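*Asks:* Model the full structure from these sequences, guided by the hints.
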Amino acid sequence: MKQLLMSARIEWLDQAWKYFVNEAYVKAFAQCDIECIAALSVLDSDALAANYDGLLLCGGYDIDPSYYQAKAHPKTQTYERNVDDDDFRLLDSFVRAKKPILGICRGLQLINVYFHGTLCQHFEAQSHELTPHSHSIHCAANSTIQQLLGKAAIVNSYHHQCADQIGKDLCVSAVAQDGRVEALEHTKLPILSVQWHPERMEQDPIIPYFAQLLRTYNENAANEPTTIIK
123 MKQLLMSARI
133 EWLDQAWKYF
143 VNEAYVKAFA
153 QCDIECIAAL
163 SVLDSDALAA
173 NYDGLLLCGG
183 YDIDPSYYQA
193 KAHPKTQTYE
203 RNVDDDDFRL
213 LDSFVRAKKP
223 ILGICRGLQL
233 INVYFHGTLC
243 QHFEAQSHEL
253 TPHSHSIHCA
263 ANSTIQQLLG
273 KAAIVNSYHH
283 QCADQIGKDL
293 CVSAVAQDGR
303 VEALEHTKLP
313 ILSVQWHPER
323 MEQDPIIPYF
333 AQLLRTYNEN
343 AANEPTTIIK
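All the letters of the sequence shown, read from the start, carry residue numbers 123 to 352 under the working numbering.
One should not assume that every hint holds.
Result set (DSS-like, lysine-lysine): computed pairs, CA atoms no more than 30 Å apart in a straight line [stated by the list, open to error]: (1) 290 with 193; (2) 273 with 149; (3) 310 with 273; (4) 149 with 193; (5) 193 with 140; (6) 273 with 290; (7) 197 with 310; (8) 124 with 140; (9) 124 with 149; (10) 290 with 197; (11) 290 with 310.
Just so you know, the hints here were simulated from the structure itself, not pulled from any lab data. In this text the structure is predicted, and so the values were computed from the model without any measurement.
*Replies:* Okay, here's the thing in structure tokens:
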């Protein structure tokens with residue numbers, strides 16, 4: 123069985139710092155016969171990338187805007203403990219290992235920042251959603267997202283930030299009706315990211331697609347060396 127490493131979160135609960143992951147991710151991948159393992163300690167991210175078949179960058183609070191050289195918006199909410207550094211180190215190791223990476227919500231934003239993109243730190247939900255926590259998307263021609271969802275689809279929405287300037291070697295594969303970025307794909311590496319939460323959707327093709335990618339992808343098939351952005 124293939125094993126997917128998940129980025130974990132840490133918060134102060136019941137007078138103690140506690141690591142956790144959301145059950146919805148684990149259950150969604152279990153239905154596709156993929157075992158999820160939480161990255162509770164990131165002492166050696168290269169070893170983790172060597173030992174696991176892919177990386178899931180989960181949703182969560184906002185990324186510290188200092189990572190993309192910006193000042194914090196009043197409504198930007200970051201973690202009390204710095205999980206950003208762990209997430210970026212995991213992403214860097216899996217990129218260099220050329221293994222499949224899926225970013226969900228915050229995960230899309232993290233991927234964009236890693237590749238030298240920037241974020242819009244806040245917008246109001248009323249200007250973005252058609253109904254509470256829901257809106258349509260339009261998918262780019264010949265993209266993986268279009269192959270999975272068609273030209274248009276309805277997705278959920280639980281974010282107040284989005285990708286602004288797009289990072290190097292990333293392409294926009296879906297936008298909302300207001301033009302905000304909803305999906306990014308890497309042009310050379312097996313990296314897919316979506317702004318919505320497919321693990322919360324009943325009929326979701328994203329997670330089954332990524333599970334199949336984990337089963338079939340051969341990182342050794344990529345012959346050209348990968349240039350890592352620092």
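*Asks:* Run every hint past the structure and note whether it holds.
*Replies:* We went through each hint and held it up to the structure:
no.: 1; hint: 290 with 193; verdict: holds, 22 Å
no.: 2; hint: 273 with 149; verdict: holds, 28 Å
no.: 3; hint: 310 with 273; verdict: holds, 23 Å
no.: 4; hint: 149 with 193; verdict: violated, 37 Å
no.: 5; hint: 193 with 140; verdict: holds, 28 Å
no.: 6; hint: 273 with 290; verdict: holds, 25 Å
no.: 7; hint: 197 with 310; verdict: violated, 34 Å
no.: 8; hint: 124 with 140; verdict: holds, 27 Å
no.: 9; hint: 124 with 149; verdict: holds, 15 Å
no.: 10; hint: 290 with 197; verdict: holds, 27 Å
no.: 11; hint: 290 with 310; verdict: holds, 11 Å
In this structure, the hints that do not hold are numbers 4, 7, in rising order.
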